[in-house]
Amino acid sequence: MTFTSPSYLLFLPVTIILYYILPKRMQNTLLLLASAVFYWFNLPRLESGGRNYMPLVLIAATTVFVYYIALVIDKASGKKRTMLTAFAVIAMLCVLAIFKYSGYFIKTFFAPHSLSALAFPLGISYYTFACVAYIIDVSRRDIIAERGFIRTAVFVSFFATITCGPICRAGKMLPQLASEHRFNAAKASDALRLALVGFFKQIAVANIIGLFVNVVFKSPTDYSGMVLITAAFGYAFQLYYEFSGFCDIACATAMLFGLEIPQNFKTPYFSTNFSGFWSRWHISLSTWLQDYLFMPLVWSKWTSHIPVLGKKVQSPPMITSVAIVFIVSGFWHGNTSLFVIWGIIQAVYRVSEELLHKYYKKPKKKPPLLLRSFKTCGVFALWSFSLIFFRLGSENSGIGGAIYYITHLFAKSENGFAANAKAIIQRGFYPKNDMMVLLYIAFAVLVLAAAIYMDWYQCFRLKDKHISTVLTKLPLVLRWAVYYGFIGVILVAFIMQSGGYGGNVSFAYGGF
Amino acid sequence: MRKFLSKIALALVPIVLYSAIFVAFEPNDYFGFKGKDTLLTRIKGYEGAGINSIVLGDSRLAHMDMALAKEVSGHEYYNMAFGGASLEESIDLIEYAKSVNPNLKEVVLGVSFYTLNASYNTANRIKTIEKQINNPLAYISNLEYNVQTAAALVGVLQGVPTGENARETATWQEKDYMQSGKTLPYRKSLIAYAAILYRACAKEGTLPSAGFYAEDMLKAMDNGTLDGEKLLHEMQNATPESSVFKVNQKELDRLISLIADYNKEGIKITVVFPPMDESVRKLVCEPLGIDVAMANALTALHATSATVLDYEWENVPPYDDKMFFDGFHLDEVYGLPTWTKTLFKEAQ
Chain Y
243 MTFTSPSYLL FLPVTIILYY ILPKRMQNTL LLLASAVFYW FNLPRLESGG
293 RNYMPLVLIA ATTVFVYYIA LVIDKASGKK RTMLTAFAVI AMLCVLAIFK
343 YSGYFIKTFF APHSLSALAF PLGISYYTFA CVAYIIDVSR RDIIAERGFI
393 RTAVFVSFFA TITCGPICRA GKMLPQLASE HRFNAAKASD ALRLALVGFF
443 KQIAVANIIG LFVNVVFKSP TDYSGMVLIT AAFGYAFQLY YEFSGFCDIA
493 CATAMLFGLE IPQNFKTPYF STNFSGFWSR WHISLSTWLQ DYLFMPLVWS
543 KWTSHIPVLG KKVQSPPMIT SVAIVFIVSG FWHGNTSLFV IWGIIQAVYR
593 VSEELLHKYY KKPKKKPPLL LRSFKTCGVF ALWSFSLIFF RLGSENSGIG
643 GAIYYITHLF AKSENGFAAN AKAIIQRGFY PKNDMMVLLY IAFAVLVLAA
693 AIYMDWYQCF RLKDKHISTV LTKLPLVLRW AVYYGFIGVI LVAFIMQSGG
743 YGGNVSFAYG GF
Chain V
6 MRKFLSKIAL ALVPIVLYSA IFVAFEPNDY FGFKGKDTLL TRIKGYEGAG
56 INSIVLGDSR LAHMDMALAK EVSGHEYYNM AFGGASLEES IDLIEYAKSV
106 NPNLKEVVLG VSFYTLNASY NTANRIKTIE KQINNPLAYI SNLEYNVQTA
156 AALVGVLQGV PTGENARETA TWQEKDYMQS GKTLPYRKSL IAYAAILYRA
206 CAKEGTLPSA GFYAEDMLKA MDNGTLDGEK LLHEMQNATP ESSVFKVNQK
256 ELDRLISLIA DYNKEGIKIT VVFPPMDESV RKLVCEPLGI DVAMANALTA
306 LHATSATVLD YEWENVPPYD DKMFFDGFHL DEVYGLPTWT KTLFKEAQ
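Protein chains in written order, with the numbering used here: chain Y, 243 to 754; chain V, 6 to 353.
Excised from the complex, chain Y in its bound form (with noise of 0.2 angstroms):
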């Protein structure tokens, strides 16, 4: 079951009325009641038909000791607390790492091996990273550990969140599950329109460019020149629309259940240089790094432990925990070498930009539209650029395959652009006639048209204030008619995908 799956529109407003209806008391059971129920329709299935219970034992047992340990870390104190605490994150990253990483070393580097087929459990890099940062603001006594086990599992296992996100902070959410919620009906208006975008950008926009992109990214070695290049573009569309459209369908649903929860993204496509970006795009996974990567590089002196070099350096130069940070990002993205690489190329252009501003002068806050639009257009391709590993490392491809995608970007197509593009469209949407090759594009260029205008609204008119709002401000028959252009969108987009049942649909972000 996700977002975009029938079972979850049965699934969703039964919990809601439930929710509302039982006594208040009860909520929190409810939702963690409604959260293992998706997470068993996730479980992983076993070759006898069956479902895999090791991701559900894994989030229970990761909820008791983080119950537990937090109690434990707040009331001690001195050594002991930083011990306890060094423990807790250890214990997690490492059970982390266990699930993420052991199943691709054991496959690369000894035999197949039973650790090698360890089912890869639902969301565990989004609640470890929760988890660890409960456990670190508990030990820096930003705030205190909870005493309420069923509000800490829903914390850690709430349905809304664990698919994709956001990495949600204990300090914000723990005390929204302590309060009593109450059914607001213009609250949950905002929250069906903030849905309502979510569905158009995740079906209408991400999976309809997915139609081509999937084609191409599964068998690149059959593409080069504009082919490959067109899709490394159309990936950067898909991955952005998809991730940010989840986000807020996760965002909707949780306000629905009169929760607030982390706003993931702020049209990261219109920064015009990679600190603004990186401020913009998930942004939940980057203030975590900032939060308990970055400024704790920051903060510890560690260069000053090295031996001779050490007397020399005694703080971190700023650059080496950048490159350090999105090194981190690249691992946690995934389990191959190319998100390594990701994660390096990251850093390069962080730790580039860094060095520009250090040797030339800042640029300036508001440049000319020109010099704007060209900065945004290269931090846009340097991006799409570095997303092809990213997308390669998602299809399992290994390096090779990176280089091939790489030297060919401007190499010549045997048959020309237009009709290996054609023939793409017909493998991955229609098979038969050119009508309907030329819809998709039609569709696909009209979609993403819409997306981009509506992100820059949001932008440069509402200051980054989510476009669903600008919605309530239409005159009331314009309104409908608004929604009615979304739903009847989203209808035709669900139909070219054949609702995702014969269709190359994917989400990438959901894998983490």
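Simulated from the structure, these hints should not be mistaken for lab results.
Predicted model only: the values in this text are computed from it and were never measured.
Heads up, none of these hints are tricks.
Under the rule of at most 27 angstroms between Cα atoms (straight-line distance), these lysine-lysine pairs were calculated in the DSS-like manner:
#1 V:Lys-49 to V:Lys-103
#2 V:Lys-187 to V:Lys-327
#3 V:Lys-12 to Y:Lys-429
#4 V:Lys-8 to Y:Lys-715
#5 V:Lys-12 to Y:Lys-715
#6 V:Lys-136 to Y:Lys-460
#7 V:Lys-8 to Y:Lys-429
According to the in silico footprint, chain Y covers these stretches of chain V (three or more CB under 8 angstroms from chain Y):
#8 19-33
#9 147-154
Ideal Cβ positions, reconstructed from N, Cα and C, are used throughout, including at glycine.
Starting from the known structure of chain Y, arrange chain V on it as the hints suggest.
Just chain V, lined up with the frame of chain Y:
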């Protein structure tokens, strides 16, 4: 709250409207409101039909009258054959039938050189259809069905008859054999049909073409843009060097292994090669050497425990061309009933 719910209801209007239109015009009568006979209704209807003998294959068996089969054989058959069925799909369908009816006793499976052709690789629809049978949303959201629904809706709005369930029958006249004042040795529609089959078994570009379907070729012959005599001559003078025909060994092996497994379970399998018109034999099979290529497959099938009823190569019935609607399909009025009686008598 009431206001909120009414807003939700209003938002759902387009979805309800779309669903209503889809149900009214969808091509397969999935919901059973129109009483149409389609592949989906056939497969869907088998579960719980309580019939332990099934007929499978492509369009050559799909139009058989099952009441007549019952009359001849003395017991009921359920027809799950469908147009364009590949051998892979038919075998999948046998396995599906057995999974939903553990009491399955008899399978009559139609195969031919056409379905055994290795290059006849249609996308396997059975897995998708199984999914659609169990999940109405998978059916409703299917792009192909939506395109067909839209075409049906447009047809109705334009007042164009849909032509559904058109019977494959016709009475042929002298003009059907004439082109440019000359009488051709075969009916023009048979030449056109043979040309389509030829193209499926021969190297590309070895035959003049005037479209993808036999109807296109016939139309071109009628309006004089395609010379029927030349077409005939090209096919008659072809050699096996022009052929790309190869038996689909993978699926043939799968069929042979299925026959052995089902034999152990007491399920009787009859493999049927339906009759074809002489034009196909003389213009496609013999020139391209398909008859020779098929010999091994026939021997392999004869060596199994299955009953092989071969009306295509060995036991060719003396049907004249007027009994055939086209080169492959027996006329539903003048030919098919005769063969149905023969088949179900010999299958017992």
